[in-house]
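4 protein chains.
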Amino acid sequence: MAYKDEQLIEEKVFKDPVHRYIHVRDRVIWDLIATPEFQRLRRIKQLGTTNLTFHGAEHSRFNHSLGVYEIVRRITTNFADRERWDREQRLLCLCAALLHDLGHGPFSHSFEKVFKLDHEQFTQQIILGSTKVNEILKKVSADFPVKVADVIAKTYSDKLVVSLISSQIDADRMDYLQRDAYFTGVSYGHFDMERILRVMRPMDDQVVIKSTGMHAVEDYIMSRYQMYWQVYFHPVTRSAEVILSKIFQRAKVLYEDESYQFQLEPTHFISFFEEKVQLSDYLKLDDMIVYYYFQQWQEEKDAILADLSYRFINRHLFKYVEYNPDPQINAGMELYQLFKKAGIDPDYYLVVDSSSDLPYDFYRPGEEEERLPIHLLMPDGGLKELSRHSDIVEAISGKKRTDHKLYFPKDSIQRIEDTDLKKRILDILYGKE
Amino acid sequence: MAYKDEQLIEEKVFKDPVHRYIHVRDRVIWDLIATPEFQRLRRIKQLGTTNLTFHGAEHSRFNHSLGVYEIVRRITTNFADRERWDREQRLLCLCAALLHDLGHGPFSHSFEKVFKLDHEQFTQQIILGSTKVNEILKKVSADFPVKVADVIAKTYSDKLVVSLISSQIDADRMDYLQRDAYFTGVSYGHFDMERILRVMRPMDDQVVIKSTGMHAVEDYIMSRYQMYWQVYFHPVTRSAEVILSKIFQRAKVLYEDESYQFQLEPTHFISFFEEKVQLSDYLKLDDMIVYYYFQQWQEEKDAILADLSYRFINRHLFKYVEYNPDPQINAGMELYQLFKKAGIDPDYYLVVDSSSDLPYDFYRPGEEEERLPIHLLMPDGGLKELSRHSDIVEAISGKKRTDHKLYFPKDSIQRIEDTDLKKRILDILYGKE
Amino acid sequence: MAYKDEQLIEEKVFKDPVHRYIHVRDRVIWDLIATPEFQRLRRIKQLGTTNLTFHGAEHSRFNHSLGVYEIVRRITTNFADRERWDREQRLLCLCAALLHDLGHGPFSHSFEKVFKLDHEQFTQQIILGSTKVNEILKKVSADFPVKVADVIAKTYSDKLVVSLISSQIDADRMDYLQRDAYFTGVSYGHFDMERILRVMRPMDDQVVIKSTGMHAVEDYIMSRYQMYWQVYFHPVTRSAEVILSKIFQRAKVLYEDESYQFQLEPTHFISFFEEKVQLSDYLKLDDMIVYYYFQQWQEEKDAILADLSYRFINRHLFKYVEYNPDPQINAGMELYQLFKKAGIDPDYYLVVDSSSDLPYDFYRPGEEEERLPIHLLMPDGGLKELSRHSDIVEAISGKKRTDHKLYFPKDSIQRIEDTDLKKRILDILYGKE
Amino acid sequence: MAYKDEQLIEEKVFKDPVHRYIHVRDRVIWDLIATPEFQRLRRIKQLGTTNLTFHGAEHSRFNHSLGVYEIVRRITTNFADRERWDREQRLLCLCAALLHDLGHGPFSHSFEKVFKLDHEQFTQQIILGSTKVNEILKKVSADFPVKVADVIAKTYSDKLVVSLISSQIDADRMDYLQRDAYFTGVSYGHFDMERILRVMRPMDDQVVIKSTGMHAVEDYIMSRYQMYWQVYFHPVTRSAEVILSKIFQRAKVLYEDESYQFQLEPTHFISFFEEKVQLSDYLKLDDMIVYYYFQQWQEEKDAILADLSYRFINRHLFKYVEYNPDPQINAGMELYQLFKKAGIDPDYYLVVDSSSDLPYDFYRPGEEEERLPIHLLMPDGGLKELSRHSDIVEAISGKKRTDHKLYFPKDSIQRIEDTDLKKRILDILYGKE
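Residue numbers (the UniProt record's numbering), protein chains in the order written: chain Y, 1 to 433; chain G, 1 to 433; chain A, 1 to 433; chain F, 1 to 433.
Just so you know, not all the hints are guaranteed correct.
One copy or two, either will do: identical chains are not told apart, so a pair holds if it fits within one copy or between any two.
Here are the computed lysine-lysine pairs in the DSSO-like style, where the Cα-Cα straight-line distance is at most 30 angstroms [as the list claims (entries may be wrong)]:
no. : residue 1 : residue 2
1   : LYS341    : LYS139
2   : LYS12     : LYS422
3   : LYS410    : LYS284
4   : LYS319    : LYS410
5   : LYS252    : LYS284
6   : LYS341    : LYS159
7   : LYS319    : LYS139
8   : LYS410    : LYS4
9   : LYS319    : LYS340
10  : LYS210    : LYS410
11  : LYS116    : LYS154
12  : LYS116    : LYS132
13  : LYS210    : LYS154
14  : LYS422    : LYS132
15  : LYS159    : LYS319
16  : LYS12     : LYS210
17  : LYS319    : LYS210
18  : LYS12     : LYS116
19  : LYS116    : LYS276
20  : LYS284    : LYS301
21  : LYS139    : LYS12
22  : LYS319    : LYS341
Rather than coming from a laboratory, the hints here were simulated on the basis of the structure.
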C-alpha cells in the first residue's frame, strides 16, 4: 500500500480538553507528530508571556497544533460525506493544519520583532529543509512538501484548501480562541463550533457558510473581539513582552560591545545577533533555553541585563499609564530627560507600546489582503460578505481601536532619592499636571 | 495597623479555570505570591512527565498552590460565618495552604528517588531559612514561620488547622484532583466540592463531614481512585519517568568517572551528585534548567546519556509489558543477560517499575498513620469513620493493587542484527514462551 | 424575634442547574416559596411554546423566580460586605425578586394579547389582595406588601432597590438569559455573571458597573441579542403562538355565539371572555388547565376549534414565509380572497406575525422610559452611559430589526382539490410571481 | 425508492442540551416523531414527581426518547464504519430506541402500581395497534412493527440488536443518567459516554466493551449508583409519590361508593378503576390531565380526596422517619390505632414506603434474568463479566440496600387537640420511646 494511504491498525486518540478527543488514523500524521521538529512545539508556550497574567495559560503550541489538525479532520470528514474529496487533497489539508505553526520560536512576537525574523519563513524551511518532517512528507510524494508549504504560505493553487487553514474563519482561529479561553479560564471564547462546522460548504475557491448559520459566526467574531481585548492585548502581558524585548536588545548590545565579558555567553543567540540564523540554530531554541539564559543572566555584571532578567523571572513587571504619543509628545520627552537624570536608562525603562504593533486580528474585510473574508451562502445560492448582512459584524469590523501605553519601573522611580525629581516624574506619569 | 491585619485597598483576583476566581485581600498573601521562591513554582510542572501522555497537563505548581489557598480561604470563610475563628489562625491556614508545595523541585518523584531527597524538608527550609518568604512571614510575628512550617509538617498543636492542609479530604487533594482533571481533559476528577465545603464542620481536632454529605464524599473518593489509575499511574508517563531517572543516574556515574569529560558540565547538579545540597542550589533548579541540560546532553559523547536525553526530549519512550518479578524472575534474569549480549546496557534499558513505588494515595484508614481518616458527623452528634458507613468506600479502601511493568526500548531491540538473539528477546517479552 | 429577622435553624438549599445552589436563610422567603400562589408557578412554563422548537425548554417560572431571588441575594450580600445595607431594605429586594413574576399566567404573551390583560397587574393583585403571599408579607410589617408591590411596579422611592429588579442589567434578565440558554442547550446566553456581580456598585439611585467590567457587560448585551433572535423570536415558536391565539379567539367567538353548544364548556375562560376576571379565576389558570381544554377540544364539533386544538396538541404547526405587509399588501389581499374561496377561513389560517409585536428587549437607552440604562463608573468617579463607551453596544443599540412573517397551514393548502386555485396560492406564497 | 431507504433532503437537527445535536436523516424517524402518540410524550415528565425535590427536573419523556435514539444512531454509525451492518437492522435499532418508552403514562410508577398496569404492554399495543405509529412502521414492511415490538420486549432473535436497547449498559440508561443529571443539576451522572461508545464492539449476540475502556464503565456504574440514591430514591420525591398513589386509591374508593357524588366526575379514570382499559383511554392520559383533576378535586366534598389533592398541587408533602417494619411492627400498629383515634385516617395518612418497591436498577449480574450483564473483551479475545474484573463494580454489585420510610402528615398531627395523644404519636415517630 502507498505510504499516503497507510492506516494505523488501531486508531490512535489523544485526550484533549477542548475537542475531547483527537483522532489519528493516517500513518503520515502519526509519523509527523513523532518528529523532533513537531515535539519541539511542546517546549513553546502558545501564549508567550500571557501566563504571567492568566496563570492557567501554560499550554504549548503542540497542544494547539493538534487541535487545528482535529478541526480540519472534522471538516474534511463532513465534506467527504457530502461529495468526493480527493484523498490526497484531504491529506494535504491535514498535514498543513498540523504543521502550520512549526516555525514558531519562543515568545515569537517579541523575538521576531527584535531580530527581524518571520516564523512563517521558518515553517517553510522546516518543511522543505533537511528535517525529519521533510523526510516523511517526501514519502507521500516528491512534491508533497512543496504543496504543504504552499498551502501554509497561501500560495497553493486550490484556494479551497488554503481557506481551511487561513481565512477569517479558519481552523487555526477556531482552535486558538477556544483553547486559549479554556486554559485562561475566561468566559469569552466560546462559540458553537459544531454548528459552524455543520454549515460550512466547500465552494470552488473557498469555504462558505450557509446563511442559516450566521448567528453562530457572529458569536465567533464577538469571541474573537473579546479575546483580543481581554486576553491577547492585556496590558500586564504586554509589560512582560516589553521587558523580554529589552533583555534581547540589551544582550545584543553587550554582545556587540567587545569590552563586555558575559558570565554566561549567549551561545544560542549569537547567530541571531549576527543575523546569520541557520535552521539548525533556530530549531535549538525553545522557551526552556530562553528561561535558562534569563535565570543565569540575573547574575550578570551588567546591571541592566541582570535587573531585566530578574524582573522577567520573578514577575517584577513594569507599571503602565495610558499615553498617546501624539498630543503627549512633550511629556514623553521630558520624562526621557528626567529618567536619565535619575539614572534610569530610558532606552530600557521607558517604553511606549501600542496595540497597533500587536498582531491585530479583527474582522476587517478588504483591509487585509491575504485573508479571505467570510461569505454567507444565501438561500438563493448567491454569496454575501458577512459584514454586509450582520449588523454586529459590521459594527465591529469598521473599528480600529488604538491603545498606547507607557511602561516604566514604578519601584525604581520610588527609590529615587532626589524627592523633587521623583515627584516631577510621578506627577507627569499620573497626570497631576 | 499590624501587618497581619493589613488588607489590600482593592481585593485582587486571579482568573482561575478551576475555581473561577481566586480572591486575595490579605497583604501577607499578596506579598508571599510575589516572592521569587513562590514565583519559581511557575517553572515546575504540577504533573512532571504526564504531559507526554495527556498533552493538556502542562500546568504548574504555581497554579495548584493558588488553588489550594483558595479552597482553604473558602473553608475558613464558611467557618467564620458560623463561629469565632481567630484571625491569626485563619492567616496561618491560608499561608500554609499557599506554601505547602514550596519545596517541590523539578520532576519531584524521580528526582527525589535518585538523589534521596525529600521536598517536604525543602519546604521547611524555605519557610525557615534565609528567603523572601521567611522575611514576610516574620513580619506577621517572630514565631509565625515556625507555625507555618509546623502546620505543613503536621506537627502543629492545633490539629484542626493541620487537617485542612493534610488529611484524607484536604484542600490539597481537592484542588489537584479537579485541576489535573481539568487540564488533562479526562472526565474523572469531578465531584461536588461546593457541597463538600458546605457540609464540613470544624471539631476540636479535625474537620468532619456532616453525614448528609456522604455521597459527595464517596464521589470524591471515587474520583481519586480513577485519577490514580487513569492518570497518575499511566504506564506511558511512567515510561518517561523511568528514562528521566536513568538520565540522572547516568550523569552521576559519568560525573564520578574522572576520565569522562562533559561537553556541558552538570554544574547545577553537582551538589546533588555529591549529596551536599544547599538551599540556594536547590532553589536554582526548575524544569527549564533540567530541560536545558537534557537538550544539550543529546550531543554528549557518552552514548547512553545522549540516547536517553534524546529519548526524553523527543518523546521516544520505552515500551512496556506486564511483568511480575516474583514468578517471572528467571525470565527477567535471562533478559538481563540477553540485553548485555546485544549490547544494550540492561542497567539503563531494562527497568522494572512498580506502582507500589509510586506515591500511593488511596483511602486506607489506619494504614497511613500521618493522614487523618474521614469522619462523618452523624445526626446523633457521634462520629463514624467513612468506610464503616459507605459500602463503596469500604470496597475501595481495602484493595491494594500492585502493578509491575517492565520497560525497554523496543526500537533498539528491533535493530539487533543477530536475528536469533532478537527473536529470543521478543519472545520472552511478548510471551511466546 | 421579629418575623422579618427570623432565620431558619439550618440554611435550606435548592439544587439549581444554573446557579448550582440557591440558598435560603430567611423564614419569610421560605414561607413565601411554600404559598399556593408561588407553587402555582411550577405549572407555568417559563418559555410558553418554545419547547415545541427547543425540546429542552420545559422549565417553569418557579425555576426562574428562584434564580432571580438567588442573584439578588448574592448582590445584596456583596453590598453588605462593603457598606451598611439596611436589613429590611435587603429583605424587600429579596421578596420583590422572588415574587416579580407571580402574576404570569399560562402562555402569557398570547393570552394577554387576546384578552387584553397585563400580568404585572395580577402580580400587584396577588401581593396586595387576599392571598397567602399577602398574609406573609404583612407579617413583616403592615406596609411591606405595598413596598414589595411598588418595587415591582418600579414606583418605589428608593430607585437603587428598583434597579436591582428592573433595569437594563437586572437580576431578572441575568437569570433568564442563562437559564433559557441552559435548558434550550444553545451556546448563546453565557456571560460572566460572577464578574458582573463583582463590578456592580450601589449608587444613590441605581446600580452602576465599574468600567473595568465593561467587557463582561458587552458579553451580556451580546448574549441578549443572540438569545432574542435565536430563541425568543424563533419563527417556529411564533407559529405555535399564532395557533394558540387563534384557539382562544375561536373559543370566544363560539362562546358568544349562543347557538353553539360546547362539548366541554370553557368554564375556566368565561370570565376572560366576558372581561370580568377576578383574581381567584386568574389563579386557577395554569398550563395544565389550558392543555386539558385543548386536548378535549380536539373533539369539538366546531371544525376550526377542533383543528386548531389538534394542531397545537400534536405540533402540526403552520408554515411561514417572509412577508412585508407594506409592499406586499396586494398579495396579502388576494391570498385572503383565495383562502376564502378554498374554504380555509383566512381569519384563522392566514396570519401575519411581526417581531415588533413581541416583547422586544434589546438595549436601547432612552427609548424605553421605564428601564434605566446601564451606567459605567469611570476611574475618575464619573458615570458614562454604556453605549457611549462601547462600540459593540452602540452598534447593537441603535438597530431595530423588524421581521414580518405570514403563517398558514401548508398541509391544508396542499389538500385543496381545485388545482388552479392551489397553484395560485402556492405561487403567491412561494414567490413564483 | 423504498420508504425505508428514504432520506430527508436536508438532515434535520434538534438542539439538545445533553448530546448537543440530535440528527435525523431517515424519513421513517422523522415521520414517527410527528405522530400524536410520540408527541404525547411531551406531556409526560421523565421523572414524575422528582421536580418537587429538584426543581430543574421538568423534562419530558419526549426529550429522553430523542436522546436514546441519538445514542443508538451514534453506536450504529460507529459499527457501520467498522463492518457491514444491514440497513434494515440499523433502522430497526433506531425505531426501537425512539419508541421504547411510548407506553409510559403519567407518573408511571405510582399509577401502574395502583392500577396494576404495565407500561411495556402499552408500548407493545401502540406499536402493534391501530395507531399512526403502526401505520408508519408498516410502510417499512408488513412485519416491521412486530420486529420493533419484539426488540423492545427483548424477545427479538438478534440479541445484538436487543442489547443496544436493553442491557446493563444500554442507550436508555446512558441517556437518562446524563439527562436527569443535567436537568436536576447534580454533579453525579457524568461519565465519558464518548469513550464508552468508542470501545463498544458488536459480537454475535451482544455488545461488549473493550477491556481498555473498563474505567469509563466503572464510572458509569458509579454514576448510576449515585443517581439512584441521590436522585431517584430521594425521600421527598417518594413522599409525593405516596400522596399521588393515595389520591388514586381514594378516587377509586369514592367511585365505587355509589352514594358519593363527584363534583368533577373522574371520566378519564373510569376504565382504570374498572380495569377495562382500552388503548384509546390510555392514550388520552398525560400529566396535564392528571393535574387538571387534582386541581379540581381540591374542592371535592370528600375531605380526604380534597386534602390529598391540595397537598399534591401545593407541595404540602408528608414528612418521614426511618422505619423498619420488621422490628418496629408494634410501634407501627400502635400508630395506626392512634391515628384512627385522632381522626386521621391511617389508610391514607400513615404509609410505609420501601426502596425495594422502587424500580431498582443497580448492577447485579445474574440476578436480573432479563438484563444482559456487561462483558469485557479482553486483549486475548476472551470475554469476562465486568464485576469479575473490576473491584469497584464487584463491591457495588453485591449490595442490596433496603430503605424503609414511614410517611405521615406532620402538620395534621400538630393540629391534634388532645395533647396527650399528640405527644404519644410524636414520641413514637421521633423515637422518644
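Outcome of the hint check:
| no. | hint | in the structure |
| --- | --- | --- |
| 1 | LYS341 x LYS139 | neither (64 angstroms within a copy, 35 angstroms between copies) |
| 2 | LYS12 x LYS422 | between (62 angstroms within a copy, 27 angstroms between copies) |
| 3 | LYS410 x LYS284 | between (36 angstroms within a copy, 27 angstroms between copies) |
| 4 | LYS319 x LYS410 | within (6 angstroms within a copy, 54 angstroms between copies) |
| 5 | LYS252 x LYS284 | both (19 angstroms within a copy, 25 angstroms between copies) |
| 6 | LYS341 x LYS159 | neither (58 angstroms within a copy, 55 angstroms between copies) |
| 7 | LYS319 x LYS139 | between (53 angstroms within a copy, 26 angstroms between copies) |
| 8 | LYS410 x LYS4 | between (58 angstroms within a copy, 25 angstroms between copies) |
| 9 | LYS319 x LYS340 | within (18 angstroms within a copy, 61 angstroms between copies) |
| 10 | LYS210 x LYS410 | between (53 angstroms within a copy, 25 angstroms between copies) |
| 11 | LYS116 x LYS154 | within (21 angstroms within a copy, 55 angstroms between copies) |
| 12 | LYS116 x LYS132 | within (26 angstroms within a copy, 39 angstroms between copies) |
| 13 | LYS210 x LYS154 | within (24 angstroms within a copy, 43 angstroms between copies) |
| 14 | LYS422 x LYS132 | between (57 angstroms within a copy, 27 angstroms between copies) |
| 15 | LYS159 x LYS319 | neither (45 angstroms within a copy, 39 angstroms between copies) |
| 16 | LYS12 x LYS210 | between (33 angstroms within a copy, 15 angstroms between copies) |
| 17 | LYS319 x LYS210 | between (47 angstroms within a copy, 21 angstroms between copies) |
| 18 | LYS12 x LYS116 | neither (40 angstroms within a copy, 38 angstroms between copies) |
| 19 | LYS116 x LYS276 | within (11 angstroms within a copy, 45 angstroms between copies) |
| 20 | LYS284 x LYS301 | both (26 angstroms within a copy, 18 angstroms between copies) |
| 21 | LYS139 x LYS12 | within (21 angstroms within a copy, 42 angstroms between copies) |
| 22 | LYS319 x LYS341 | within (20 angstroms within a copy, 64 angstroms between copies) |
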